[in-house]
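Read top to bottom, the protein sequences are chains A and B. Under this note's numbering, the first residue of the first sequence is numbered -4, with each subsequent residue one higher. Under this note's numbering, the first residue of the second sequence is numbered -4, with each subsequent residue one higher.
Read the hints as simulated data drawn from the structure, not as lab findings. Fair warning: this is a prediction, and the values are worked out from it, not measured in the lab. One thing to keep in mind: the hints can contain errors.
Because identical chains cannot be distinguished in the list, a pair is counted as satisfied if it fits within a single copy or across any two copies.
[As the list claims (entries may be wrong)] Simulated pairs of lysine-lysine, DSBU-like, Cα-Cα distance not exceeding 35 Å:
1. Lys129 - Lys176
2. Lys(-3) - Lys79
3. Lys129 - Lys187
4. Lys79 - Lys0
5. Lys121 - Lys56
6. Lys143 - Lys104
7. Lys154 - Lys0
8. Lys(-3) - Lys129
9. Lys154 - Lys(-3)
10. Lys194 - Lys56
11. Lys143 - Lys187
12. Lys21 - Lys56
13. Lys187 - Lys56
14. Lys194 - Lys121
15. Lys78 - Lys0
16. Lys78 - Lys143
17. Lys129 - Lys21
18. Lys0 - Lys105
19. Lys194 - Lys129
20. Lys143 - Lys(-3)
21. Lys0 - Lys143
22. Lys121 - Lys(-3)
23. Lys79 - Lys129
24. Lys56 - Lys143
25. Lys143 - Lys194
Protein chains: 2
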Amino acid sequence: MKHGKLFVFSGPSASGKGTICRELLKEPDTWLSVSLTTRQPREGELHGVHYYFVTREEYDKTVEEDGFLEHAEIYGNCYGTPKKYALEHMAAGEDVILEIEMQGALQIKKAYPEAVLIFVLPPSLKELRNRIRKRGTENEEQIAVRMKTTLEEIGLLEKYDYFLINDDLEEAIQTARAIMKAEHCRTAGQAKALIERFKEEE
Amino acid sequence: MKHGKLFVFSGPSASGKGTICRELLKEPDTWLSVSLTTRQPREGELHGVHYYFVTREEYDKTVEEDGFLEHAEIYGNCYGTPKKYALEHMAAGEDVILEIEMQGALQIKKAYPEAVLIFVLPPSLKELRNRIRKRGTENEEQIAVRMKTTLEEIGLLEKYDYFLINDDLEEAIQTARAIMKAEHCRTAGQAKALIERFKEEE
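Using the sequences and the hints, build the whole thing.
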């Protein structure tokens, strides 16, 4: 049976990575991991859908129990990806999608080098700034910090396997699907099993 | 401007790699390299479409002039990929598709590590044997040699980047397209240019 793969999406706030990830879920055998966070819900965010909103105590307990695939503190808030469910879904043949910050993504790549890291980019910084302003959830100072962080993160782009420029959303989704499809055809990690299959036949 | 990439398709005779490559040409900005060969045309094969059918003297002259991207002798016949046109089309932003034997593909990978190698597999050896028999161009002895070579080649699958199982032709074409699309989003070789683009904006 096909083994699922781990696809990790990162990118600046308002890059559209969340929308892309939710669209990818419409594919069969695809599962989106929901992170734990200690931060407050933003308007429209639902517990169990966008995040599991937990207390600092609950978060610390999970860290102690080695229950995270990755965890990180970002802008004073804690985030973590529960380990158990992700591994179970992959073992059941499902692709697991994570939408996490760069710190967490790089932790994952270190622990699971076969994980596929995809960085979602805005077409430009100007466009990113416009999108965040339109959302109206952050003041100019916060936006300036975001721009600085984004530029720093883009500087580490090489640590990711793929980049995805979200100019046209539909095109970005198609490209994300193509990456997932292509990754299932990589010989790396699969060649030996295929060779055995053909040899047995002979 | 986008720089084209080199996609090299190999696979046993009757794996369907030729059909897949011709379908991929329907994509915009895609160019199929036509090889030179000293072998005799098979029924239906056209000069300049499937191969350039040349004499041994013409072939040797191209080798001497360093005019091949790769060249190899297979089953007593010579094959080669003209260098000039492939490089020109890539520089013009077109993806170049090569349909060549494993020997040549591995030569290319050595000279151009950024080339993407895709091995087209039949769903099974039994199915491959059936397809060749149906074609009726080879006797049982020749078919047995092909099966042996195919099994040897599959043993070297790890040297390729991707495999493509041609069970359902339409699905195999879609997957080949996905691989090509995904490869254009690899950070490897592109991250630096992207970082510069965003930095300049700031």
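Hint numbers contradicted by this structure: The structure conflicts with hints 5, 10, 13, 23, although it agrees with all the remaining ones.
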